[in-house]
Amino acid sequence: MAELSFREAIAAGIAQEMERDPMVYFIGEDVGAAGGVFKATVGLFERFGPDRVRDTPISEQAIIGAAMGAAMTGLRPIAEIMFSDFLATCWDMIANQVAKTRYMTDGQVSIPLVIRTANGGGTRFGAQHSQSLENWAMAVPGLKVVAPSTPADAKGLLAAAIRDPDPVIFFEQKSLYGVKGEVPDGEHVERLGEAKVRRDGNDCTIVALAAMVPKAMQAAEQLAADGIQATVVDVRSLVPLDTQTILREVVKTGRLFTVEENPRLCGWGAELASIVADECFDDLDGPIVRITTPHVPLPAADVLEDAAMPSVERIRQTVRSSMR
Amino acid sequence: MAELSFREAIAAGIAQEMERDPMVYFIGEDVGAAGGVFKATVGLFERFGPDRVRDTPISEQAIIGAAMGAAMTGLRPIAEIMFSDFLATCWDMIANQVAKTRYMTDGQVSIPLVIRTANGGGTRFGAQHSQSLENWAMAVPGLKVVAPSTPADAKGLLAAAIRDPDPVIFFEQKSLYGVKGEVPDGEHVERLGEAKVRRDGNDCTIVALAAMVPKAMQAAEQLAADGIQATVVDVRSLVPLDTQTILREVVKTGRLFTVEENPRLCGWGAELASIVADECFDDLDGPIVRITTPHVPLPAADVLEDAAMPSVERIRQTVRSSMR
Amino acid sequence: MSARVEKPPAAEVDRPTRLRLYQLMVELRDFEQRAYELFLENLVRGTSHLALGQEAISAGYAVAMRADDYTFCTYRGHGHTLARGASMAAAMAELLGRGNGMLHGKGGSMHLTDVKHGAMGSYAIVGAHLPIAAGAAWSAQVRKSGQVAVCFFGDGTTNIGAFHEALNLAVIWKLPVVFVCENNQYMEYTPIRSVTAVEHPAADRASAYGLEPILVDGNDADVMYETARQTIDTARTGGGPSLVEALTYRHGGHSRADPAKYRPDAEVREWLSRDPVTRYRERLLAAGIGEAEVNEIETRAQQKVDAATEEARKGAPAAVDGIERQVWSDGGAAWRN
Amino acid sequence: MSARVEKPPAAEVDRPTRLRLYQLMVELRDFEQRAYELFLENLVRGTSHLALGQEAISAGYAVAMRADDYTFCTYRGHGHTLARGASMAAAMAELLGRGNGMLHGKGGSMHLTDVKHGAMGSYAIVGAHLPIAAGAAWSAQVRKSGQVAVCFFGDGTTNIGAFHEALNLAVIWKLPVVFVCENNQYMEYTPIRSVTAVEHPAADRASAYGLEPILVDGNDADVMYETARQTIDTARTGGGPSLVEALTYRHGGHSRADPAKYRPDAEVREWLSRDPVTRYRERLLAAGIGEAEVNEIETRAQQKVDAATEEARKGAPAAVDGIERQVWSDGGAAWRN
Ligand SMILES: Cc1ncc(C[n+]2csc(CCOP(=O)(O)OP(=O)(O)O)c2C)c(N)n1
Ligand SMILES: Cc1ncc(C[n+]2csc(CCOP(=O)(O)OP(=O)(O)O)c2C)c(N)n1
Ligand SMILES: [Mg+2]
Ligand SMILES: [Mg+2]
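One line per chain: the protein sequences are A, B, C and D, in this order.
Residue numbering for the first sequence follows my numbering, beginning at 1 and increasing consecutively.
Residue numbering for the second sequence follows my numbering, beginning at 1 and increasing consecutively.
Residue numbering for the third sequence follows my numbering, beginning at 1 and increasing consecutively.
Residue numbering for the fourth sequence follows my numbering, beginning at 1 and increasing consecutively.
Chain A on its own, in the form it takes in the complex (with noise of 0.2 Å):
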């Protein structure tokens, strides 16, 4: 095991699949010499050559169009949109085309491609730069969202997306960047798919994605203080979504809360929301909470932006004031 930084676990995920497949390239803004605005793909132009890590115009619509050609004749590309806000500037490309034309075609086309983005706040780059827009992704059929919270999952996930011959969207969470964690040695892909229970505790269940993950994890371990016992999930993959594990787990403890970065409305814990209240009526002991940023876009100032997110002492609050 290794000790890297989420942004180190990135460019070895990517250098392990390109050296892997010769068929991985990788296009986007600023990522050649540069190694990428947030750092997180430094010194794959160096080793894989100006040909398969090639840096774009800032033309968002034909670095995804493009991406897609290529993944539907032959190559397994991987595109870096630097902020996932820029999404926007393509997402006819991504929503549309990436996501439709295998279903349309009825599967004559394979779109193994990954769109890779840097998500979220906390950086106090202010609304157009902080959004967190895994719930954009998720509402298309036809695209896979995956948002890893550990340096370790940024690999293995990461590789796992490579591999995919699906269209993956790749959360990464911006405010994790600079976390360190260890990370297996050698070749290691995780599966899409997979929840993982960080905690385990019996009085409710706390379900986080990226960034909230390390936050629901302190606010538990303060939970335990006051006498509460929650399972943390990390749910990693949005699509596919593993409802066995969350939903055996709000069994199993009666009570769920979802920690969500993106403002209110229709995000994924909406979602698994009315999955849980569908599939698990009988089981549950009180009032599905959403723990959310508000549904405002994000302000820029530290001490504002501070405050819209989910903080652990909110998640702690509210998981403690809705048990009681």
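Incorrect hints may appear among the rest.
[Said to hold, decoys possible] For lysine-lysine, the following DSBU-like pairs were computed, each having C-alpha atoms within a straight-line distance of at most 35 Å:
#1 K39/A x K144/C
#2 K196/A x K180/A
#3 K314/D x K304/D
#4 K180/A x K261/D
Because the hints were derived from the structure by calculation, they are not lab data.
All figures in this text were calculated on a predicted structure; none of them were measured in a lab.
Starting from the known structure of chain A, arrange chains B, C and D with the ligands on it as the hints suggest.
Here is chains B, C and D with the ligands on its own, set in the frame of chain A:
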């Protein structure tokens, strides 16, 4: 009261407001002499002239951008995006610019802008021309989201949207354009943010939107024959959302069903389910059940499309078996 | 500052190629006409966009392409797809929403695709397929396969952002892709000149990407064939992309719902007099090809369309269990366990 | 096929205008330098993008604009916003995330806006504000207000779709808008020439919209002022839009995180020797303006920045109750009852 088709009611709503307020302008592709490809704006060009009813190039980003810039500086533009699927081609303009600029500037600008768009399936147009995308808009803080189900509401809610000082995404369900109904004579303006109880029953609450409302109504009639009395709530406006009306009906009946044309994941019904599962937990007598299109792109052939979308029969069966 | 239409090619197109071009044009013409008849019979379920009058472009390019080259086209793509060798019966059945359709009813008229024949898809959102075609060309380039991607689109498409992004990318990466703008003078119902800053929406913009303007008579199959040969050759030999503007006209409305009343009679008459099919027929006869041979081509085309129609009509409605198939490469549609 | 840089204007710019230009440039320079120092003190909370070296463009245009004209700019927009008359203290406070900030902390450095002074916003997604500026110009046109919209953006922005759509729309509607490309040679870290099909990303594309290429020295305040006067005049008098490419250079990195190591030393030296502020200082002296007068301008600018900094630093952190304010025009953020 005059009997108008849904498409005539749209034109009547726009005409009423253009007559009243000289700052209302209308732009879009083929909206001029052609009267729109759905013929929902016939007569406006002749009546208000080529300055106020203007054809654009196929440049969705420019359409929305221009409308936003104009809205910030004194006009009250109506911009048509021909099919809601094409919202994806200008999603940055809508989700990142139109929705956020007021907030980011802490209220320095208002954006009184209506984006009208033809939404939904049932017309055999295939996966890139048939999506129900109201949840895309609902997920973005800063957008109001309206979707009428009757000609009267088409006129009255559209007029309200035009008068509203904030951006409204106005979804016109394609499958409703030909539907006829009574529309009040003279000036007709509804209020945004009010749901409407279309049918009253004590056994369960069915909440539906746009083209799903008449289907829910028919299903409710049939369910009455099965001995189940359903309340049917027409949401009309997703943002602002009339939770009071909906929660009241759910509390009264103890059961909630949603009927959504969108593919399953992160539909508006998910949000609603999560609100109810939190705030009405103790009033629920059974699971919350969502009736949606499966989470697939919509297929083109008539038999496939009909089988994919929620039908009267599927609503009836789902409610009946769940109420047993 | 406006591009000029190029003269017909100096070199004569050889006789077998000419016969092939004519055969293809007649087949595409007959197919579209049949599609229209079936629509009047209320058998075509969804919308459809016919390319009647634009056959010289699809035929010219298809004949010049290598079997493994890629075609990307629009909702007005019956001709481009068939010209690559796709099954006419499967195409017709797709229009009718039948289970024996090319996409088993899941795509419809606007999305005909036959990857086996290099027909990489018909895309229904204006402009989207230009970057995708560039991507296929990028793939061919790095795989060193020698394949070329040809991307067809309309005049109206030149005003959308994706056009601009795709052209720039293709040039800087020197991709083996040919962009062919079929300038049929109209978007849906709006004349292109009323919403475009230059006279020739594609040719007058070539220089913005460092390309030569190429403006050709899209109703002349010889011209189109020669243009295709040259631009494909440039792409295949590492010379990078071309942007071609082919002047043409659609004989009917934009889609099945459109009677095309917005077009001046004189304009329609003028363009009908330049019908690529009748013009080419005359040229063949003038070049000494016997009337019998020409007639036979026409008869065979009719028979082919008849047979395809019959086969399509025999198909059962699309199978409902297809709805939850082929979202993913495992053949299924599961989003959860 | 490449545009040529135009000569400096024949007519001399008058003395009061020159003093005003110099004053503005010095103020913007000092503001940016102070912002950088505060960043090193760890007081600037978010990111920030300085326009050090690009002052002649913002000053030249701002001086030529009417008080009610509209400015649209990017995340690199401190200078453009201040040049219109916005409060320096409020701008500085916004960078520090204070409650007395221009947007009360809700926008941050990338979104400075002061509508009262015609500064209609700083937009942080590349290309988005070009269509928005066209829209403001459309509004001015139909309201017959005589206002002009000026829209500033970088070289990298010319490759995104919104650029293309905005230019075409502005031309066909003959809108009173001026598009000013500040070609500082780089996107974030990538040289623009490595990803652009033409040498001059804006000027070489003007003809694609039926416009004249205008390529000017963006480090010469007189040139920029004259260019501004002419293009704004064209717009105001019904002559429609212009597309200007101003050649310039940023002295520092793309954003606060960037040491700009990717730029060749010689290139940096060459451009520093063409610093618009020192160059203009010399020109003023050569034109007979006394050193004392010039010094006084500089001193006043420093004082202004000092005062603004002091005021900004006195501000309390942004008030948390602002989070749920001003989503809607009623001042609130309610999405439900
Ligand atoms: C982004 C987008 N906007 C609008 C449409 C609706 N639409 C379909 S075809 C068409 C006209 C296209 O004109 P052109 O590119 O000239 O192609 P043609 O139909 O003439 O072949 C329009 C506006 C669309 N499909 N996609
Ligand atoms: C659509 C989009 N893509 C990428 C970015 C990230 N980004 C911010 S600034 C920038 C470079 C812009 O270069 P240019 O237009 O030359 O402006 P400059 O920064 O040089 O002033 C990039 C790529 C963005 N903000 N928006
Ligand atoms: Mg056309
Ligand atoms: Mg630049």
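*Of the numbered hints stated previously, which ones are contradicted by the structure, given in increasing order?*
The structure conflicts with no hint, since it agrees with every one listed earlier.
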